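Number of protein chains: 2
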Amino acid sequence: MSVLVVGSVALDSVETPFGRADSVIGGSATYFASAASHFAPVQLVGIVGEDYPVDKLKPLAARGVDLAGLEHAPGESFRWRGRYRHDLNSAETLETRLGVFSHFRPKIPEAFRRAPFVFLANIDPRLQMDVLGQVERPRLVACDTMNFWIESRRNDVIALLGRVDLITLNDGEARQLTERTNLVHAARWILEKGPRYVIVKKGEHGAFMFTKTSTFFAPAYPLEQVFDPTGAGDSFAGGFMGHLARTGELSDANLRRAVVVGSAMGSFAVERFSNERLLSVTPAEIDQRIAEFQDLVAFERGAPVAGAATGR
Amino acid sequence: MSVLVVGSVALDSVETPFGRADSVIGGSATYFASAASHFAPVQLVGIVGEDYPVDKLKPLAARGVDLAGLEHAPGESFRWRGRYRHDLNSAETLETRLGVFSHFRPKIPEAFRRAPFVFLANIDPRLQMDVLGQVERPRLVACDTMNFWIESRRNDVIALLGRVDLITLNDGEARQLTERTNLVHAARWILEKGPRYVIVKKGEHGAFMFTKTSTFFAPAYPLEQVFDPTGAGDSFAGGFMGHLARTGELSDANLRRAVVVGSAMGSFAVERFSNERLLSVTPAEIDQRIAEFQDLVAFERGAPVAGAATGR
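Going line by line, the protein sequences match chains A and B. In this text, residue positions in the first sequence follow the working numbering: the first is 1, and each later residue adds one. In this text, residue positions in the second sequence follow the working numbering: the first is 1001, and each later residue adds one.
Next up, chain A with everything else stripped away, as it sits in the complex (with noise of 0.2 Å):
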């Protein structure tokens, strides 16, 4: 089955401690895709202006990303500039230019109109629900947002909580979002407003999945070298979002092993600039790391502390 993405489809510049990128490309919808076509094929609906290196996104195509749905318009693209300081978690933007992505209203191409899995990159949460306006009964839909949309939309973000299936965010803007700092209570808050799923994202420390009844931890892959924190959250995302259309299957279980699908494209994506990583990882490689999950996290219970004998 087939994943549709509606994001941005940038040019990053990017200084960590380990080095710096110009002008590579980025934005969530490219890392979603970069991650997501290992799994299933991937429909990107998108904005770029004159400058961008269209080029650059053969190999996506090659993957299997139809990028029918990506607006070619004039002026400039959407570039991002940042720094990671020794903390990768929290990244210190040095220029936004929007660029043509200030107006970009996401058509969804005809074609694209029947994807069963669909995800809603982190845009202006009104783009968000005209998008769900342009599709015909997903079979799962989920969204991600950032602090400036709850800042400056928050009844447009909580609006759209009564249209999906799923929201990731990540541990700050589910706190922002429902103005409680204990997680747990944060995320009934939000599942309150409609989602079936909420997944709250740790950077380094891993991801929480809350459904009303459950709920599902996973840690970040403990990695030797972090190279570029970049894309992590929305290469989860791709990963997540893959394995639930490659699959097809929306039980309790499939949805944690989807997480761990995310976590562990979430891991590759950091381990190089740009989507390059992504791009290079092979099914032998995701197996290996999904593996390595299992293993990091696995313990047997022992004999119950209850009634036993302790020894004294």
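Every clue listed holds true.
Only pairs whose alpha carbons sit at most 20 Å apart, straight line, appear in this in silico SDA-like list of lysine to any residue:
#1 B/1202 <-> A/86
#2 A/212 <-> B/1222
#3 A/202 <-> B/1296
#4 A/193 <-> A/182
#5 B/1202 <-> A/184
#6 B/1202 <-> A/224
#7 A/56 <-> A/21
#8 A/202 <-> B/1172
#9 B/1202 <-> B/1083
#10 B/1056 <-> B/1023
#11 B/1212 <-> A/225
#12 B/1202 <-> A/222
#13 B/1202 <-> A/171
#14 B/1202 <-> B/1085
#15 A/202 <-> B/1222
Treat the hints as calculated values from the structure; they're not laboratory data. Since we're looking at a predicted model, the values are computed, not measured.
Following the hints, complete the assembly by docking chain B onto the known chain A.
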């Protein structure tokens, strides 16, 4: 088998967003013993002043904590006053009065010297080393430390690493001691200095256990209310060492289980002020929480990605 703990027995005054407690029993050895006593006999070595409400330790004695090594000295007991704001991960120390603790020279009673499990709680590394000269070939020695000793007695901390099997420290301390920001690198640095196991505690973000050949991670339990984080780390250590002493088994699988038991005890500790909850928790509640930990991270691997049809 029994566990020997050497550390502080203090009076804490704590303020959290949820309330305050004045001069309640605290200290690393107290928390450790309260947690460990659910699993094994505990032998405690510490020091208190004339003002200590020793009656309040009776519940510990009743739970099998041998207080024969608790020295009563003229003067004031160790008192700590601190505050937690909304970030419950870090305490703000308002006042520390060492009192008799500043003259603490641990004397291990004859009857405690053959304890098979020894925990050197956070005290001067020279005193920790001195304790090791007083005990006879324990099966496992673990130690804790803190930023203060890493700053002021770094060489002693490093020397101690050559004499212990395991060290617990928090992520900030691991980075400070090793001068490496990446935790995998930090853990490897420590393992090269001697210990077979390094446990890196990340507060509400869980704990890693590193060995030369494997990495294990246990999340923190997603509590709905963290009431008072004081003592979580020592309660973790108490659960960990208590489980090892109860089972007497040092396999990798059993150490993983011990990390989960430790995480469970840490999660109980923070539900109330002082050691209140550690004293009231039942074996059935402990088993229940361990089961919840297992459910929290459980997932089954699906069909491999490699060689699978992607549904294109």
